[in-house]
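Trainee: Build out the structure end to end from the sequences listed, making use of the hints.
There are 2 protein chains.
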Amino acid sequence: MREEIVKEYISLIPNVFGSFSELNKDSMELSHMQNHVIEYMYMQNRALNLKDISIGLNVAKQQLTNIIKDLETGGYLIKVPDAKDKRAILVSLSPKGKEVQDNKWIKIYQKFSEGLDKLSMEEQLDLRYALHKVNILLEKMGP
Amino acid sequence: MREEIVKEYISLIPNVFGSFSELNKDSMELSHMQNHVIEYMYMQNRALNLKDISIGLNVAKQQLTNIIKDLETGGYLIKVPDAKDKRAILVSLSPKGKEVQDNKWIKIYQKFSEGLDKLSMEEQLDLRYALHKVNILLEKMGP
DNA sequence: GCAAGTAGTAAATATTATATTACTACTTTT
DNA sequence: AAAAGTAGTAATATAATATTTACTACTTGC
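These protein sequences, in sequence, are chains A and B. Per our numbering, residue 1 is the first one in the first sequence, and the count goes up by one each step. Per our numbering, residue 1001 is the first one in the second sequence, and the count goes up by one each step.
It is possible that part of the hints are untrue.
Derived lysine to aspartate or glutamate pairs resembling EDC-like cross-links, with alpha carbons at most 16 Å apart [what the hints assert, rightly or not]:
#1 B:1069 x B:1029
#2 A:140 x B:1114
#3 A:140 x B:1117
These aren't lab readings, by the way, just hints derived from the structure by calculation.
Mentor: Structure, rendered in structure tokens:
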């Protein structure tokens, strides 16, 4: 029994990963690490200081100095001194930085939407319900 | 309606990605590209020549020369001359190379299995069925 | 208030990744 | 059998990423 649930889950991973691996295909402007930072900031959706990002991405803070300086120069990030800690600097995504991530999700949306057209109305309902169920249960399993 | 299916799918991605991003956490021995090659070989599950890998991973064959030489030196890959094409060399995973990938999946298995313990028997059955349904329908949607 | 600790920066260095060109040995086409 | 094409290797240059040490300005704990 357990074996079979795991097997289904393992099958799911490549299916979903197909979408995800295409996320960074096009964004040629930015390097791997720069993308990584923007992704992380987008997910956190709040102003972070370098230390936060360093820990969150498991990257040395020394590396971030230049990466973030370049992203700021490019207009993707905004740096503001932290009022509460005068050593620190709060970094947040600019509208341009957010747009980079938004566009990635729009692509996933479009691709998924095309796939949906191949399903009947009944299958679409089934998929919706099954996805909902999976999400609820995976959520419950998480830490 | 469509909006809501997409929304569920978008929610699914981070759930699953949690597992996937941990795949390469520990394998410190190997570089990013070396891991990439081993992953690809593991997925293909057959002997490949450099050209195959080059196309499959969208990497210049010139890059592969050294990557694969190092992997062979490390005992992860085995190189055998192709009998049918004397220019080519067939590369396959050694037991050690397969083990690297196996261990990654074992970790996912274990983590998922721990999560399962938090669910009731009924929920586990629901999850199995819902996952199965999702997999079948996503498969149908793919190219 | 002072010692110890922290956030960020800077610069030097090492390692990886990517790209370009050219070459050998073999295969395919005609 | 000659011409054109292909698989792999080699050497090189540049960019991206990672690591180390050291410094300034500030905060925290005592």
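Trainee: Against each hint, give a clear statement of whether it holds in the structure.
Mentor: Against the structure, the hints:
Under the criterion of a C-alpha separation no larger than 16 Å, the hint pairing residue 1069 (chain B) with residue 1029 (chain B) is consistent with the structure, at around 15 Å. Of the supplied pair hints, the one linking residue 140 (chain A) and residue 1114 (chain B) holds, its CA atoms being roughly 12 Å apart against a limit of 16 Å. Pair hint residue 140 (chain A) plus residue 1117 (chain B) holds up; C-alpha atoms about 11 Å apart against a cutoff of 16 Å.
No hint from the list above goes unmet by this structure.
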